[in-house]
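Residue numbers (the UniProt record's numbering), protein chains in the order written: chain Y, 1 to 385; chain D, 1 to 389.
Simulated from the structure, these hints should not be mistaken for lab results.
Check the hints yourself; a few may be wrong.
With the Cβ distance kept under 7 Å, some of the chain Y side facing chain D (calculated, not the full set) [unchecked claim]: (1) Leu-20; (2) Val-27; (3) Ser-61; (4) Ser-252; (5) Asn-276.
Cβ atoms here follow ideal geometry from the backbone N, Cα and C, with glycine treated the same way.
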Amino acid sequence: MFLFRLLLKNAFRHRLRTILTMVGLVVAICAFGLLRTIIDAWYAGVEGTSSVRLVTRNSISLTFPLPLNYAERLRNVEGVTGVSWSNWFGGVYITERNFFPQFAVEPASYLALYPEYILSDEEKKAFILDRQGCIVGRKLAEQYGWKIGDQIPLRGTIYPGTWTFTLRGIWDGADAKTDESQMLFHWQYLTETTKKRLKRSTDFVGVYIVRINEPDNAPLISERIDQQFKNSLAETLTETEKAFQLGFVSMSEAILVAVNAVSYVIIIIIMAVMANTMSMTARERLAEYATLKALGFSPSFVVKLLFGESLVIALIGGGAGMLLTLPIAAGFAKAVGTLFPVFVVSETTMALQVLACLVVGVVAAAWPAWKMSRIDIVNGLMHVA
Amino acid sequence: MKAIPLSYVARNLWVRRVTTLLTAGGMALVVFVFTVVLMMSEGIRATLVATGQADNILVLRKGSGAEINSGIGRDQAAIIESLPGIATARDGRVMLSKEPVVLNNLPKRSNGKPSNVTVRGTSEIGLELRPQVKIIEGRMFRPGTSEIIAGKAVAQGFRGTGLGETLHFAQRDWVVVGIFDSGKTGFDSELWGDSDQMMAAFRRNAYSTIVFRLSDQSAIEAVKRGIDLDPRLQIDAKPEIQFYAEQSEALATFIRILGLSLSIIFSIGAIVGAMITMFAAVAQRVGEIGTLRALGFRRNAILIAFLMESLLLSLVGGLIGLFAASWMQTVDISTTNFQTFSELAFQFKMSPEIIVKSVLFSLSMGFIGGFIPAWRASRKKIVDCLRES
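Whenever a hint applies, use it, and build me the whole structure from the sequences.
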């Protein structure tokens, strides 16, 4: 207890400097937490996947469609317990800035495959019955203030023309990982309208979503599906929903790597600032440490003092930074809206923040402590005179 | 007013080498990140802007915005071909290329992870329309065959795209017979093959884009008006250079905003570091300050001396950061451009403007960090200073 009070007193002897250092720490730890959360948010689509869902797409790339008649053949594959499909719509709501994902889906079978989208029975029924109806996630509805019954106009970039949908339901996610920033509407409506406008066959599907009986069978069933369509006009590539989502994330890997690197650079910068503070502290107290040594305290006591002081500063500053992370993350999530479907500070992030504080505290004290443990008593005392 | 010589300022920094280096090091890191971000968005912009030729016009379906979303039927293509004002080559062919553009998901050489590569169907004329594209290995694909040529960045980055290798897609084997260099433009990230073969293989009846050259540069407005007035044509025509500049916008802006907000957060840390250092410098030299004042130096001279010290400190940090960042020019990176959804290889690019911005940024950190300590130093009373020491 005595030692702790001494450390605290020491730490605040040079109040202005200590407070400045702590401000730096608050900013660094906060930024570190925020960046880690951004990376987590990037992977949110991956976290929200189910292990009993497979995604079947055209093997050339996602931009190539699959024929509608594959649905029946997929249903007959052994181990498949449900099939649905969706098309990426790529519409623009008012201006390009309001980006959110829209999918044309086969409503009844799609909702059956996604039990995590929680809708009341009336909403579900109203959506399935209205061919121009759509449903959206809670977050998206709140972002634009939509209420059930609202008309939502979209300008198509892939499917030309203006499309208007009536909002029939708002789903809540079963847990925090569920995406609540999408919009779903009827595939039938999309394809029939396109057929009328472009006067050509549009019985094509973007991707098939397939439910399987047993997660362990995923590789086997994927293999069976792809074999089915081998050497056909549209060869397929089937993978678990997780692998499918990871494919998207890895496309922007360069940016993720950069953000990740930056989050550690912040810690290094604050280490330099802290080390600076500690080396100044040590230099100023040269005489004091020499006196302690002369009184018979061991060099290790001096070292303990320095490390202790450094850790006290790091933990107080870092702790404040951690507390600040939560409200700032909440504000950030609000500001970016639907850009990140899920934005939550995870426990791992908080643990890493604590670890970062400890590392900063220890590293910053290392060099001054090493130097102080080796000072010559006579030399040190000479400074007093 | 007599100023305190700069050599005194510089010597002070040198005396406390470790502290100086730690502070400057922190600042160098901040400036490094700041500079690299600017270089990155500049690199993306430079790559895509250079991809377009000033005298080429590019045509897309109305409102589609990107090549892969676009579709121009054969009938519309025929109308465009007959528009007045399109240049003709010496042998009488129209300088116009009808191109299907598709994305192909290929695994990367480094880790096997797939990413989208743009596959473009083109022709002899398409090559002529892009004079920056040169075959550096192998030869051009023969029209009417399943031969393709690969951009330099693709050939290096993706499996099965090297010279002599084979790719299998759309029920065919495609042999890579040549590697082309387009002088660090977006085409380096593409695969090119015969337009008609691509249309047949992918069973498409609509082209993605049409590129043509104008016989007369000034005719551009007339051609655009002609297109807008023709009810059969639902298309957007714009200079190729403008199209590619627009393609870079989202990614470059995203990187710039992300980078600048990070730099601001970082700089708080660095400013705090500078402030701590300067406060300590002032505290250590109270006696000196008193002596200088007693010798007749004015308050402002003291203020300027300490401010100069801080600015010099940040300049050292800034230059170290800039120097480190300049090495990034040797690194090639590639990422998915989410506007086109396809892979884009580019380089970090330094420009005089970036150098000026980075130096100003580091100096402003030094100024903000050093002003309060310097001001405090200049306000001290001579008597107090001399007594304290």
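Hints versus structure:
no.	hint	verdict
1	Leu-20	holds (5 Å)
2	Val-27	holds (5 Å)
3	Ser-61	holds (4 Å)
4	Ser-252	holds (6 Å)
5	Asn-276	holds (4 Å)
Comparing the model with each earlier hint shows no violations; every hint is respected.
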